[in-house]
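J.: Residues per chain are reported as follows:
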Amino acid sequence: MKSNFFRGVSHGIPICLGYLSVSFGFGIKAVQSGLSVAAASIISAVNLTSAGQAAGVDIIAAGGALIEMILVQLTINIRYSLMALSLSQKLDKGFTTPHRLAASYGITDEIFAVCSAQKERLTPSYMYGMIFVAFLGWVTGTTLGAAAGQLLPASVSSAMGIVLYGMFLAIIVPPSRKQKSVLIVVLAAAAVSILFRYVFTAVSGGFAVIISAVAASALGALLFPVRDEEAVE
Amino acid sequence: MSIVIYIAVMAGVTYLIRMIPFTFFRKKIKSRFFRSFLYYIPYAVLSAMTLPAIFYSTGNIGTAVVGTVVAVILAFFNTPLIAVALAAAASAFIAGIFI
Chain G
1 MKSNFFRGVS HGIPICLGYL SVSFGFGIKA VQSGLSVAAA SIISAVNLTS AGQAAGVDII
61 AAGGALIEMI LVQLTINIRY SLMALSLSQK LDKGFTTPHR LAASYGITDE IFAVCSAQKE
121 RLTPSYMYGM IFVAFLGWVT GTTLGAAAGQ LLPASVSSAM GIVLYGMFLA IIVPPSRKQK
181 SVLIVVLAAA AVSILFRYVF TAVSGGFAVI ISAVAASALG ALLFPVRDEE AVE
Chain R
1 MSIVIYIAVM AGVTYLIRMI PFTFFRKKIK SRFFRSFLYY IPYAVLSAMT LPAIFYSTGN
61 IGTAVVGTVV AVILAFFNTP LIAVALAAAA SAFIAGIFI
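So the protein sequences, as listed, match chains G and R. According to my numbering, the first sequence is numbered sequentially starting from 1. According to my numbering, the second sequence is numbered sequentially starting from 1.
These are calculated hints, taken from the structure and not from any lab test. Heads up, a few of these hints could be off.
[As the list claims (entries may be wrong)] Label pairs and their computed distance ranges (CB to CB):
1) Gly59/R - Ala38/G: 49 to 59 Å
2) Phe98/R - Phe200/G: 29 to 39 Å
3) Phe98/R - Tyr198/G: 24 to 34 Å
4) Gly59/R - Phe200/G: 20 to 30 Å
Even for Gly, the Cβ is constructed at its ideal location relative to N, Cα and C.
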């Protein structure tokens, strides 16, 4: 029981370090958007997700509608459903419903990646250990970024505004290089998004992201339907 | 509107997305179109969020373009996420000294 927890902690340390720097960028962005240090930290603590939080802060800053918030979070985070589905197939017998309710909170891209690479079945303690350190890194980084973002010289904090986007590029570029289908979806989504930004400017940012992503993914699904083994990566 | 409501809605939706399939869903999705759609969604979302927003992320289009180019090149060679993210910021910062 205990050893599983610490194994999860040790597997989670690289995730923790990564989250520290990325969430630092989120903290800066949140404060720049007019949020308090406390609000930024709470958002990180209760969401534990990068892209969704960044989009959420944009909606809060713009005073967007709640339905927009719901649809944006649904669209951006729907990938977690696939990951949760995939992980649910390899859970240990000890993973009772209360444990599932608790551990599902911590399904992120990186935790999913490490967990699905494990050969043995996943125990609750193992996942809790990993989620625990990842959580520490994510929330600490956010608080530091939000607080120190005001202390840092403007030239540093404004440069940090690009951190999260840099991470997004690091997620989408390598598969685009490997698979033509992903490349086409990525380019289509960017093209529609750019169109909204400069031509159909009446559409708000959140909805522009949703429409761009849904259109590009539907195009990808029509042109390049995936085989079984690809769909659950 | 109160920020508390925004945060509660945001966290609630995000949690349900993870919790429902993890806890209740045991069957496999049959529709090939839907499975393909879900496969492409993360890439499409991140792409739409990044472009063109990344060019406005540093407050100066020039430094942002430098950061973007550096990030794309490093990502192309499978550099770890964190290295790409930090190198984008570092190069935008350095570019800012000259621009």
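J.: For the hint 20 to 30 Å, verify it against the beta carbon of Gly59/R and that of Phe200/G.
T.: holds (25 Å)
J.: That 24 to 34 Å hint for Phe98/R and Tyr198/G (C-beta), does it hold up?
T.: Holds: the Cβ-Cβ distance is about 28 Å, inside 24 to 34 Å.
J.: Given the hint of 49 to 59 Å, is the C-beta distance from Gly59/R to Ala38/G inside that range or not?
T.: For Gly59/R and Ala38/G the Cβ distance comes to about 25 Å; the hint is violated.
J.: May I ask you to test the hint 29 to 39 Å on the CB atoms belonging to Phe98/R and Phe200/G?
T.: holds (36 Å)
Consistency with the previously given hints fails for number 1 only.
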